[in-house]
Amino acid sequence: MELIYLLFILALSIFLGFALISRVPPLLHTPLMSEANAICGIIIIGALIAAGTQANSPLTIVLGTSAVALASFNVVGGYLVTERMLKMFKKKS
Amino acid sequence: MNSVFLMNFVYIISSVLFAFGLKFLGSPVSARKGNILSALGMLLAVIATLAGSHIINFQWILLGVLVGAGLGILVAFRAAMTQMPQMIALLHGCGALASVFVDWTAYQTQGTSDLTDVITLYLSIVIGGLTVTGSAIAWGKLSEKITGKPILFTGQKWFNTAIILAILILGLMFILDPTRHDLFLAILGLSCIFGIFMVIPIGGADMPVVISVLNSYSGVVACTTGFVIHNTLLIVVGALVGANGIILSIIMCKAMNRSITNVLFGAFGNVVKKKDTAEKKEAKAISVEDAFLILENAKSVVVIPGYGLAVAQAQHAVRELGELLEKNSCDVKYAIHPVAGRMPGHMNVLLAEANISYDQLMEMDAINPLMDSVDVAIIIGANDVVNPASRHDKSSPIYGMPIINADKAKTVFVLKRSMATGFAGIENELFYYDNCRMIFGDAKQTVQALVAEFKSSQQH
Numbered sequence: 096m097e098l099i100y101l102l103f104i105l106a107l108s109i110f111l112g113f114a115l116i117s118r119v120p121p122l123l124h125t126p127l128m129s130e131a132n133a134i135c136g137i138i139i140i141g142a143l144i145a146a147g148t149q150a151n152s153p154l155t156i157v158l159g160t161s162a163v164a165l166a167s168f169n170v171v172g173g174y175l176v177t178e179r180m181l182k183m184f185k186k187k188s
Numbered sequence: 010m011n012s013v014f015l016m017n018f019v020y021i022i023s024s025v026l027f028a029f030g031l032k033f034l035g036s037p038v039s040a041r042k043g044n045i046l047s048a049l050g051m052l053l054a055v056i057a058t059l060a061g062s063h064i065i066n067f068q069w070i071l072l073g074v075l076v077g078a079g080l081g082i083l084v085a086f087r088a089a090m091t092q093m094p095q096m097i098a099l100l101h102g103c104g105a106l107a108s109v110f111v112d113w114t115a116y117q118t119q120g121t122s123d124l125t126d127v128i129t130l131y132l133s134i135v136i137g138g139l140t141v142t143g144s145a146i147a148w149g150k151l152s153e154k155i156t157g158k159p160i161l162f163t164g165q166k167w168f169n170t171a172i173i174l175a176i177l178i179l180g181l182m183f184i185l186d187p188t189r190h191d192l193f194l195a196i197l198g199l200s201c202i203f204g205i206f207m208v209i210p211i212g213g214a215d216m217p218v219v220i221s222v223l224n225s226y227s228g229v230v231a232c233t234t235g236f237v238i239h240n241t242l243l244i245v246v247g248a249l250v251g252a253n254g255i256i257l258s259i260i261m262c263k264a265m266n267r268s269i270t271n272v273l274f275g276a277f278g279n280v281v282k283k284k285d286t287a288e289k290k291e292a293k294a295i296s297v298e299d300a301f302l303i304l305e306n307a308k309s310v311v312v313i314p315g316y317g318l319a320v321a322q323a324q325h326a327v328r329e330l331g332e333l334l335e336k337n338s339c340d341v342k343y344a345i346h347p348v349a350g351r352m353p354g355h356m357n358v359l360l361a362e363a364n365i366s367y368d369q370l371m372e373m374d375a376i377n378p379l380m381d382s383v384d385v386a387i388i389i390g391a392n393d394v395v396n397p398a399s400r401h402d403k404s405s406p407i408y409g410m411p412i413i414n415a416d417k418a419k420t421v422f423v424l425k426r427s428m429a430t431g432f433a434g435i436e437n438e439l440f441y442y443d444n445c446r447m448i449f450g451d452a453k454q455t456v457q458a459l460v461a462e463f464k465s466s467q468q469h
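So the sequence lines, in the order shown, correspond to chains V and F.
Under the numbering used here, the first residue of the first sequence carries the number 96, and numbering increases by one thereafter.
Under the numbering used here, the first residue of the second sequence carries the number 10, and numbering increases by one thereafter.
Hints in this document: simulated from the structure, not taken from any laboratory.
One or more hints might be untrue.
Said to hold, decoys possible - Negatives, chain F to chain V, calculated, CB over 12 Å:
| id | residue |
| --- | --- |
| 1 | 40 |
| 2 | 167 |
| 3 | 178 |
| 4 | 273 |
| 5 | 291 |
| 6 | 294 |
| 7 | 322 |
| 8 | 464 |
Said to hold, decoys possible - Partner residues are not named here, just some residues of chain F that face chain V (Cβ under 7 Å, in silico):
| id | residue |
| --- | --- |
| 9 | 53 |
| 10 | 354 |
| 11 | 366 |
If you're wondering where the values come from, they're calculated on a predicted model, not measured in any experiment.
Think of the CB as a built atom: it goes at the ideal place given N, C-alpha and C, for glycine as much as any other residue.
Looking at chain V on its own, in the form it has when it is part of the complex (with noise of 0.2 Å):
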């Protein structure tokens, strides 16, 4: 039972993401792809649970220690490189 509402909620968010992303002007699609990289490292609360609570052999602390490392490289790289792009976008005074 808990896979279809697994799957509602897929199917909501994917029609939020098209209403959401559309509005988007070209003007700012690359900033926007920073920031889908950004919110993809997502994965980072997964990489916690795999580092925090499974990781109990000498593979999957491995397994969970890069995937930690990899997640937080695509938050705080993603985060920062927007934030650097949309800087730049100003309007003459």
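Given chain V, work out where chain F should sit, using these hints.
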């Protein structure tokens, strides 16, 4: 139970913040606020997860976060704006690899409890694996560590088909017996191999589509991982990112007048034959001094930049010229074709970096109706995106591609090194039009020479 409930409640808040973050990207005025809201959502999700999921080992988390965040800060501040496409490709790859590792850990420790788990795990490692290596190849191509030309070999089609079949057959066996770790590893390995062969036949000019498709895949992987570890927030975010990649892929394909299958699989077998142009006409050259005299009397100028502008590092010189023209009471606009850079929206970022006001950056559809009234169109480093053959010449390979109608301007200047053809190897008939003048030479030096002419005329 209580802490889990609280964690899921915070996940809802995070989802809403991510959605607002994307909504605020709808305008450059609110975009920075959106980015901050989105980052706040991420922080809340991380705190909630740490508090709500009975974490026992903090040392590995700390190590991972320190390494990852440290590298993230380093790379984010060091990357030049021209390097943004490869930076994005790198981030896609890292996100997908993190997802694969999360799947793998879950498989090692919990195994799979029912059929849905096995199927989503299978999908997750297949898409994850090919996204990791596909992104790596895209990164290599964009940073010119691998040749930008399509890499083709005989039997490529059969080779790829064989890999896909193997992934499907092994997948079926894995679903029937999910305890077999050897199958898990074989599927992951083959998917990684497939990712490489998926991207190497695609040429450098098509990278804006590839990077958008990989963006979509990285979202899908986050989503499938959400199903594997039963995490709603991953599903929501994965769907948002997946939708993002699909929309951008479609926009890029439309801008090139090609279907997505043609871009992704088009290189197999088809070699575009170059046509000989029947009549050889003479393109008219113009000196910088004469070009200046025309620009000095112009009331409206539209600059049409291509990636060649960024290659020549001429953005700042162009902005200086634009400012001088404006002082001379001339209206200056920049017309940006969707595929003007190496990824969606890339040219806008490059011009914004050179301090060009974003309200002067015009989309193709916004500028085209105004082109009739423009005095001078200056084409810098662009070629195929202004080729009028796409409007009328049915035999042209770019027939039907939407272009910026530079030829409609009263005078057209083309800044170009030589008469060589563009990326697609197609002759541009615009260069032989009566209203077109060529200014040969390095784009940056030419623009700087025009700037010098303006400055010396003001002194007199």
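Hint by hint, here is what the structure shows:
1. 40: The claim is violated: residue 40(F) sits with its nearest Cβ about 5 Å from chain V, within 12 Å.
2. 167: The assertion about residue 167(F) holds, with a minimum of 34 Å to chain V.
3. 178: About 25 Å separates residue 178(F) from the closest Cβ of chain V, which puts it past 12 Å; holds.
4. 273: holds (18 Å)
5. 291: holds (37 Å)
6. 294: Holds, since 34 Å exceeds 12 Å.
7. 322: Per Cβ check, residue 322(F) is outside 12 Å of chain V; nearest 16 Å; holds.
8. 464: holds (21 Å)
9. 53: Hint violated; residue 53(F) Cβ to chain V Cβ min 11 Å, cut 7 Å.
10. 354: holds (3 Å)
11. 366: holds (4 Å)
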